[in-house]
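Student: Residue-level listing of the chains:
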Amino acid sequence: MSAARGSGVAIVGAAECDLGVTDSSILTLQSQAVTRALADAGLTLADVDGIATTGVSRFSATQLADYFGIVPTWTDSTFAGGSAFEMFVARAAQAIEAGQASVVVISFASNQRSARSRKLGGVHEPWIPEAQFEEPYDMLYPLSYYAMAAQSYLHRYGGTREQLAEVAIAAREWALLNPKAFRHGKGSLSVSDVLGSTMISSPLTAADCCLVTDGGGAIVLTSLERARDLKQAPVQVLGYGERTTNTSFTAVADLSVPGARGAVQDAYARAGITAADVDVAEVYDSFTITAALSVEALGLCGEGEALDFIADGRIRPGGSHPLNTNGGGLSYCHPGQYGVLLLVEAVRQLRGECGARQVPGAEIAVAHGTGGILSTHATVVLGGSR
Amino acid sequence: MSDMTVSTDWTPGEVPPADENSAAYWDATRAHRLTVQSCTACGAVQHPPRALCTGCGSMEHLTQVDAAGTGTVDTFTVVHRAPRPELNAPYTVARVRLAEGPVVLTRLEPAEPGETGWRIGDPVAVAWADLPDGRALPYYTAPTPDPSGTTSKEH
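Going line by line, the protein sequences match chains A and B. Following the numbering used here from start to finish, the first sequence increments by one per residue and tops out at 967. Following the numbering used here from start to finish, the second sequence increments by one per residue and tops out at 183.
These are calculated hints, taken from the structure and not from any lab test. Beta carbons are placed, not taken as given, at the ideal position from N, Cα and C, and that holds for glycine. Be careful, since some hints might not be right.
Stretches of chain B that chain A covers, calculated by requiring three or more beta carbons in the stretch to come under 8 Å of a beta carbon on chain A [to be verified]:
{"hint": "1", "stretch": "104-110"}
{"hint": "2", "stretch": "129-143"}
Label pairs and their in silico Cβ distance ranges [unchecked claim]:
{"hint": "3", "chain 1": "B", "residue 1": "His-108", "chain 2": "A", "residue 2": "Tyr-738", "range": "43 to 53 Å"}
{"hint": "4", "chain 1": "A", "residue 1": "Ala-834", "chain 2": "B", "residue 2": "Asp-55", "range": "27 to 37 Å"}
{"hint": "5", "chain 1": "A", "residue 1": "Gly-777", "chain 2": "B", "residue 2": "Ala-46", "range": "43 to 53 Å"}
{"hint": "6", "chain 1": "A", "residue 1": "Arg-697", "chain 2": "B", "residue 2": "Ala-46", "range": "33 to 43 Å"}
{"hint": "7", "chain 1": "B", "residue 1": "Ala-127", "chain 2": "A", "residue 2": "Gly-880", "range": "35 to 45 Å"}
{"hint": "8", "chain 1": "A", "residue 1": "Glu-934", "chain 2": "B", "residue 2": "Gly-142", "range": "47 to 57 Å"}
{"hint": "9", "chain 1": "A", "residue 1": "Phe-660", "chain 2": "B", "residue 2": "Ala-46", "range": "20 to 30 Å"}
{"hint": "10", "chain 1": "A", "residue 1": "Arg-737", "chain 2": "B", "residue 2": "His-108", "range": "20 to 30 Å"}
{"hint": "11", "chain 1": "A", "residue 1": "Ala-892", "chain 2": "B", "residue 2": "Arg-58", "range": "49 to 59 Å"}
Among chain B residues calculated to face chain A with C-beta under 7 Å, some are [said to hold, decoys possible]:
{"hint": "12", "residue": "Gly-41"}
{"hint": "13", "residue": "Pro-44"}
{"hint": "14", "residue": "Ala-69"}
{"hint": "15", "residue": "Val-73"}
{"hint": "16", "residue": "Leu-80"}
{"hint": "17", "residue": "Leu-90"}
{"hint": "18", "residue": "Pro-113"}
{"hint": "19", "residue": "Ile-148"}
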């Protein structure tokens with residue numbers, strides 16, 4: 582790779598908070614994630630002058646700064662659903678390169694399983710158009726929207742629910758290799774397990790849907806120059822890109838075409854890579870269809886080919902295109918706004934820390950987040966330096 | 029415009045009040061008239077109604093115009109787990125592409141017609157669920173066959 586490519590910023594720390602069912606508060610879990618990521622980097626809270634987070638409160642980053650007793654020179658609390666953290670990497674890299682911050686922590690944590698705070702609907706503020714024109718029809722949010730996207734994709738390209746089930750089956754195979762996965766030790770999934778699971782919003786069954794768990798994580802970024810003096814081998818931010826497409830479900834003309842494609846192309850261009858250079862991909866699998874659309878957006882296969890592409894074990898452990906190597910939102914952990922954990926796993930793969938699930942020789946990783954109802958799409962390309 | 033009634037036990041949930049941009053849309057529903065927002069400056073047609081035209085940015089040229097009340101199913105999902113306890117499942121929600129172009133989110137009745145249920149590309153026509161405040165909420169159903177044989181097939 583050309584030395585001119587990529588940013589002058591690196592990820593130097595990464596960690597999860599407690600996962601699963603924690604009976605802990607959001608701020609306890611945030612504290613775990615941030616202090617563990619800083620310890621991983623060999624840094625402390627006193628080094629932090631930038632914070633990016635969501636899901637804490639109305640003033641998320643401000644709240645965290647107050648709680649940690651620090652006065653940041655830069656914050657970002659942009660609410661963009663599960664892709665916010667990939668967007669934060671772009672903002673943080675720019676802030677570090679511009680000298681506005683020197684050490685940035687990006688974090689998220691949720692106790693949604695313990696707190697039973699997940700709702701099936703009723704999420705729209707009464708003054709936005711969706712409250713008048715969508716919510717009266719009782720779609721499950723976000724499930725029914727992804728279900729409609731799945732229906733559209735299967736119809737357009739002639740795919741089947743059986744083919745789509747492979748996303749969940751592969752995720753489970755990875756989870757069986759990850760002791761921290763919620764479904765670790767729960768055995769393999771079969772096509773009939775996925776199709777025979779409770780139908781929630783056709784064509785998606787419960788097994789097509791991500792978990793609802795507690796959990797979260799954090800990553801620490803600083804300049805590549807400073808990173809060279811720290812504890813871990815730096816993971817360089819090579820590229821990033823994003824697209825914001827919709828909040829309503831009527832704005833996008835064709836749901837079977839991934840809105841993510843532009844985000845990915847921008848990220849690859851910044852990094853100076855192509856899809857063929859990607860050794861490992863971590864994508865937001867809120868639902869099986871989300872991962873299938875992301876595989877296509879990442880350019881791992883052609884338009885409409887995702888289900889054929891994944892059919893022969895390519896994305897499973899040992900496959901040619903390892904995907905969601907921690908077990909994903911489907912079988913590892915899904916605290917809502919899962920995007921930060923894509924970055925944590927990508928960093929660990931590039932450092933070679935993943936044990937049984939390690940992708941041998943991984944040098945380039947991609948984290949790709951999807952937020953809302955296919956609303957926001959953000960991609961980060963990372964490079965290892967082992 | 030058709031004013032058909034399809035037997036349904038559906039009672040819509042609360043619909044928020046109109047604002048200044050949606051008032052004309054909701055007023056028309058009291059007479060079971062479906063409208064879309066049109067821009068007299070650039071000709072763009074949009075839904076839901078907004079304060080500005082997404083085609084040209086004008087805030088001065090928007091007006092609600094009558095829609096044919098017909099369209100095709102763009103995609104759909106049969107929901108088996110209702111988000112509020114008083115709602116019966118399964119029921120079907122869909123994206124319908126109106127004859128005028130805009131896509132609307134809506135409900136299809138009945139939930140699973142015939143032996144195969146709904147299919148993408150099926151033609152549909154608007155029907156109305158009256159709300160307690162006099163407004164009506166549009167949903168869609170199979171069009172009644174047109175005796176003159178001119179019912180458009182938009183597959």
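Student: Give a verdict on every hint.
Tutor: Now the hints, each set against the structure:
With a cut-off of 8 Å between beta carbons, the stretch 104-110 of chain B has 7 residues touching chain A; three or more are needed, and the interface restraint holds. Given a C-beta distance limit of less than 8 Å, the hint that chain A covers the stretch 129-143 of chain B holds, as 6 residues qualify and 3 suffice. About 25 Å separates the C-beta atoms of B:His-108 and A:Tyr-738, a value inconsistent with the hinted range of 43 to 53 Å. A beta carbon spacing of about 29 Å between A:Ala-834 and B:Asp-55 agrees with the range 27 to 37 Å that was offered as a hint.
Taking the beta carbon of each, A:Gly-777 and B:Ala-46 are about 45 Å apart, inside 43 to 53 Å as hinted. The hint said 33 to 43 Å for the Cβ distance between A:Arg-697 and B:Ala-46, and at roughly 34 Å that hint holds. With their beta carbons about 36 Å apart, B:Ala-127 and A:Gly-880 fall inside the hinted range of 35 to 45 Å. Between A:Glu-934 and B:Gly-142 the Cβ separation comes to about 55 Å, which falls inside the hinted range of 47 to 57 Å.
Hint check: A:Phe-660 to B:Ala-46, Cβ distance near 27 Å, so the stated range 20 to 30 Å holds. Distance hint check for A:Arg-737 and B:His-108: the Cβ-Cβ separation is about 24 Å, which falls inside the suggested range of 20 to 30 Å. For A:Ala-892 and B:Arg-58, the hinted distance range of 49 to 59 Å is satisfied, since their beta carbons lie about 53 Å from each other. Checking B:Gly-41 against chain A by beta carbon gives a least distance of about 6 Å; that is within 7 Å, so the hint holds.
Look at B:Pro-44: its Cβ gets to within about 5 Å of chain A, closer than 7 Å, so that hint holds up. This hint is violated: B:Ala-69 has a C-beta 21 Å from the nearest C-beta of chain A, more than the 7 Å allowed. Evaluation of the B:Val-73 hint against chain A yields a violated restraint, the C-beta minimum of about 13 Å exceeding 7 Å. The interface hint given for B:Leu-80 is broken, as the beta carbon of that residue sits about 13 Å from the closest beta carbon of chain A, more than 7 Å.
Taken as an interface hint, B:Leu-90 does not check out: its beta carbon lies about 14 Å from the nearest beta carbon of chain A, beyond 7 Å. The criterion of a C-beta within 7 Å of any C-beta in chain A is not met by B:Pro-113, whose closest approach is roughly 11 Å, and the hint is violated. A cut of 7 Å between beta carbons decides the hint on B:Ile-148: the least distance to chain A is about 5 Å, and the hint holds.
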